[in-house]
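So the sequence lines, in the order shown, correspond to chains A and B. Per the working numbering, residue 1 is the first one in the first sequence, and the count goes up by one each step. Per the working numbering, residue 1 is the first one in the second sequence, and the count goes up by one each step.
Everything labelled a hint here was simulated from the structure, so no lab data went into it. What you were told as hints is all true, and nothing was included just to trick you.
Footprint (simulated), chain A over chain B, 3 or more residues, beta carbon under 8 Å:
#: 1; stretch: 6-12
#: 2; stretch: 15-22
#: 3; stretch: 28-42
#: 4; stretch: 47-53
Each computed DSS-like pair below joins lysine-lysine, with the alpha-carbon atoms no more than 25 Å apart:
#: 5; chain 1: B; residue 1: 23; chain 2: A; residue 2: 49
#: 6; chain 1: A; residue 1: 78; chain 2: A; residue 2: 114
#: 7; chain 1: A; residue 1: 50; chain 2: B; residue 2: 23
#: 8; chain 1: A; residue 1: 48; chain 2: B; residue 2: 23
#: 9; chain 1: A; residue 1: 78; chain 2: A; residue 2: 90
#: 10; chain 1: A; residue 1: 78; chain 2: A; residue 2: 89
Treat the numbers as computed from the prediction; the structure is a model and nothing was measured. Here a beta-carbon is modelled for each residue, glycine too, at the ideal position from N, C-alpha and C.
Read off the chains here:
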Amino acid sequence: MNVENACAGGSSAFHGAWLGVAAGAYDVALAVGAEKTFVARDAGPEEKKKGFDSFIAGTDVEVTRALIAAMQAEAERKRAEMEERGELKKGEGGGARSPFMDIYATGARAHIEKYGSTQEQLAIIASKNHHHGSLNPDAQYRMTMSVEEVIADRLVSYPLTRAMCAPMGDGAAAAILVSGDALARFADVRPVKVRASVLASGGTPGESGRAARRAYEQAGVGAEDVDVAEVHDATAFGELALTEALGFCGEGEGGRYAESGATALGGAMPVNPSGGLECRGHPIGASGLAQIAEIVYQLRGDAGERQVDGARIGMTENGGGFIGTGEAAVAVHIFEGVGSAG
Amino acid sequence: MRDVYVAAVGMIPFGKYPESGIKDLTESVMQNMMRHSPVAQSDVEAAWFSNAGWGCRSASTASAVRSRSARSGTRRSRS
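So here's chain A without its partners, still in its complex pose:
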C-alpha cells in the first residue's frame, strides 16, 4: 500500500501495518519509507521549486499560498527592523527557504512574546541535538556545534538559524511488525511491544497534545513513565513545543526545560537521542520510521554511545503538513522493551 501523509508518512505507514496486524488480518507486516530531498546546487532552481511544491501539497492548498505570503511578509518586517537596529548585516537573512520554516518561526516568535522564551534556548536545543547526532553513525550531521555557533549560523527566518532547522537529505528506514500470536514462530526475536499507535487528523493547534493523551490512555502509561522520546524537530522550536505538548513539562516552560538540561542524554527526559530531524536528518517519508528505529534500538539496549540507561518505555511523535499553523496529521507511538516474547 502506498502512503503519502507529508512528513508523517513513515509513522502513518507503521500505523497502517500495526492496524492490519492488530485487527488480525495479517501476522507479519512491513512498513518502509524512502525519500530523496537533496537537490544539488547546480540542478537549477526549478528542481528546488518542485520540491517546495511538495511541501505545499502537505497543506490546505486552497489557502496556503496567501497564508505563507503573510508569514513571509511578517518575517521580512522583523528582519528589516533588526537590520535597521544594526543587529543584522545589510541583506542578511530572508533568502529562499521552505515555507514551513516561516510557519515554525511564526510560532517561535509568538512563544517568545507570550512566555519569555529566548533564541538562546532554541540554540541550546539545536546544540544538544548536534551532540546527540555526533554519537549516531546513521546521522546526516555528525559535527558538534556550540550554542554560540548555532546563534551565529545563517539566519533563516527569525529567530531560527540554519543550525536549528532540519537539512535537506536522502534516506530510507523500515520496520517489521509481528502479532503476539505469531511471535513464537520466529527464533531469536528480541521483540519490542507496541503499547500505543495513534494517528490523528489535525487542523487546530494542540493536535499533537490531544494525540499524545490518546496514546497515553491506550498504553496505560503517563508522560512521567516515558524514558526516552523522538519528536518532530523539523526546527528546534518544534522540539520546544512538543516537550510541552507531550506533557514532559508545563505549557510555556519548554525553553526553560531545555535550558535545565533535562532533554539531553543523561538528563531526566532525553529527547531525540538520534540527533532528531535537525541532525539525524529528515528525508520526509522515511523520518517517522527512523524515529521508531531509534526507539527500538534504545529499548533493546543497542544504541551504543547514545544509549539511555535502563530505557524501558519509549515514545515517538511525528507531525505531517500544516493546516493554518496546526499540524495536518500527527502520529504518536509508545513502545515497551520486553526483553523476550510476552
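On the provided structure of chain A, position chain B as indicated by the hints.
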C-alpha cells in the same frame, strides 16, 4: 485488538545519495534490516510504503550532479 510487536527495524545512514534512486535506497534499507531480522522477507504478508513525492526528480538530480560528485552518501559539515 491483538498485541503487536516490532520484530526488526533498519535504516541507512541519512545524507546525500545523488547516484541512487528511491528504489535503490529502498533495496539498501531492506538489505540492512534483513541482515539482523529474525523474520524472513518471504514471511511478510503485506507492506506499507511511504514516500511524499520528492524522489520523482531523482534521475534529473542525479544526472546534474554525476559529473562533479566524487562522493555519494553523508556529508559531515553544514558548509
